[in-house]
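J.: Sequence:
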Amino acid sequence: MSSKKIGTKTASTFVIANMIGTGVFTSLGFQLVSLTNPIAIALIWLMGGLVALCGAIVYSELGSAMPRSGGEYHYLSVIYHPIVGFMSGWTSLLVGFAAPVALSSMAMSSYLCNIYPALDQKILAMAVLTVITLFHAIDAHVGTKMQNLLTTVKIAIIVVFIVAGLIVAPEGAANFDSVGDFQWGDVFSPAFAVSLVWVYYAYSGWNAAAYISGDIENPQRNVPLALLSSTLFVIVLYLCLNMVFLRTTPVDEMVAQIEIGLISARHIFGIQGGEIMGILITIMLVSSISSMVYVGPRVVVSMGEDHRLFRFLTKKNAKGCPSIAIWTQYLISSVMLLTGSFKLITQYTGVVLSFCALLTVAGVIVHRHRFPDAERPYKTWAYPLPAILFCVIILWTIVYMMYNDYVETFVEGRQDAPWTMILSLGTILTGAFFYWVNKLLESRKKAAESIEE
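Here the numbering used here is used: the first residue of the sequence shown is 416, the next is one more, and so on.
Hints listed in this document are in silico derivations from the structure and should not be mistaken for laboratory results.
This structure is a prediction, so every number in the text was calculated from the model and none was measured.
C-beta: ideal position from N, C-alpha, C; glycine also.
A couple of the hints might just be wrong.
Simulated pairs of lysine to aspartate or glutamate, EDC-like, Cα-Cα distance not exceeding 16 Å [stated by the list, open to error]:
{"id": "1", "residue 1": "Lys854", "residue 2": "Glu720"}
{"id": "2", "residue 1": "Lys854", "residue 2": "Asp721"}
{"id": "3", "residue 1": "Lys730", "residue 2": "Asp554"}
{"id": "4", "residue 1": "Lys420", "residue 2": "Asp554"}
{"id": "5", "residue 1": "Lys861", "residue 2": "Asp721"}
{"id": "6", "residue 1": "Lys424", "residue 2": "Glu632"}
The calculated label-pair distances, taken between Cβ atoms and stated as ranges, are [said to hold, decoys possible]:
{"id": "7", "residue 1": "Val448", "residue 2": "Leu810", "range": "23 to 29 Å"}
{"id": "8", "residue 1": "Val651", "residue 2": "Phe603", "range": "24 to 30 Å"}
{"id": "9", "residue 1": "Ala571", "residue 2": "Gly600", "range": "38 to 44 Å"}
Use the sequences and the hints to build the structure in full.
T.: Encoded structure:
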């Protein structure tokens with residue numbers, strides 16, 4: 416059975432490809448519904464980047480101390496209890512990668528169908544997702560080579576977009592007239608917190624290398640290197656890209672729109688040039704889909720190795736690909752793609768992933784107390800400040816999201832209120848239920864084996 420290890424470069428491309436995707440090219444329109452001040456927008460992206468960087472610093476220590484594929488599932492199982500890891504793995508199976516894969520597929524088809532209206536969005540999204548899944552399910556090596564190429568193209572496109580956006584006439588210059596109206600009180604508003612959830616989703620993927628530690632050469636060295644360098648790189652790109660959007664495009668054209676990149680590209684490159692750029696952005700989104708299709712099933716495989724209920728998902732083909740896990744994720748993504756709304760899935764995903772990351776980052780403190788003698792090739796810089804800062808900001812956002820859900824549902828009486836927190840809590844508690852089902856199956860198996868003996 417062939418199972419080829421990947422180096423720092425490929426690990427970094429998976430992190431970058433996981434981060435740069437749907438979020439940065441779609442979320443600004445939803446942020447502008449309630450926040451239009453450029454300083455507030457910049458602060459949202461800076462704060463989201465700070466959270467991602469703090470998380471990457473902490474995950475680097477955890478990844479070097481526990482170098483096994485699985486990410487939060489593995490870390491939380493060791494640090495707290497197997498049930499906590501199981502719930503995290505269950506969340507990763509349902510939300511961590513399947514939901515972002517569905518969202519990237521939705522965004523990709525939305526961009527392309529805006530250029531070619533005759534295309535059917537859902538059929539196109541399903542077709543692309545199916546082809547990418549086939550690549551990764553057949554041969555992991557082919558998948559990683561495709562990933563390196565797609566990520567290189569993605570970075571080049573964004574750099575061209577940013578440079579061109581800084582050169583052309585600033586049609587959105589009026590957007591910056593409100594800079595002087597910025598008030599620090601806006602930072603503590605529910606609107607700011609809700610916007611942060613969109614940004615958290617845009618930055619999600621900063622921990623991708625931790626999920627595939629077992630597939631990386633010398634993970635104690637290369638996982639921290641991939642996490643930190645990629646996260647810093649993406650923070651700079653995101654800030655520049657959002658300032659270009661605001662500089663080149665009037666706010667009223669972007670409010671509540673998904674295809675922000677295409678709208679801005681038409682202002683920068685003209686109608687035809689903008690449509691060419693829109694096609695290139697769809698290629699970038701394909702890169703994101705490819706990366707998540709590769710990474711996500713590795714978490715499921717780690718769960719299957721430890722828990723009988725998911726043992727069937729560990730099966731690999733002759734090329735070393737976890738094909739059953741890959742197709743399971745494909746099935747979940749397809750259901751979301753065909754039945755869910757973009758806004759609901761994004762907010763739901765952002766909250767659930769933030770909560771799992773919160774437990775993991777706090778876990779670095781618990782791990783040091785429980786396993787003081789564990790080997791740590793990389794130690795958290797300025798410990799425990801990054802962990803504390805990460806946890807405080809995430810907790811603050813979750814509290815405001817709960818408040819916002821309450822107001823929308825019970826005060827404003829909105830029928831379409833997302834009930835984000837209820838869905839998130841339901842997902843996690845369902846994981847606890849299946850953990851006990853798994854324990855019951857294992858205990859019955861052991862009892863049967865003891866009787867046979």
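J.: Taking the hints in turn, state whether each one holds.
T.: For each hint, the structure was consulted:
Taking the CA atoms of lysine 854 and glutamate 720, the gap is near 14 Å; set against the 16 Å cutoff, the hint holds. Restraint check for lysine 854 and aspartate 721: the C-alpha separation of about 11 Å stays at or below 16 Å, so the hint holds. Under the criterion of a C-alpha separation no larger than 16 Å, the hint pairing lysine 730 with aspartate 554 is consistent with the structure, at around 14 Å. Only pairs whose Cα atoms come within 16 Å are accepted, and lysine 420 paired with aspartate 554 is accepted, the gap being roughly 13 Å.
At most 16 Å may separate the alpha-carbon atoms for a hinted pair to count; lysine 861 and aspartate 721 meet this at roughly 15 Å. Restraint check: the Cα-Cα separation between lysine 424 and glutamate 632 comes to about 11 Å, which is no more than 16 Å; the hinted pair holds. The hinted window of 23 to 29 Å between valine 448 and leucine 810 holds, with their beta carbons roughly 24 Å apart. Between valine 651 and phenylalanine 603 the CB atoms are about 27 Å apart, so this pair conforms to the stated range of 24 to 30 Å.
Evaluation of the 38 to 44 Å hint for alanine 571 and glycine 600 yields a pass: the beta carbon distance comes to about 41 Å.
When the structure is compared with the earlier hints, no violation turns up for any of them.
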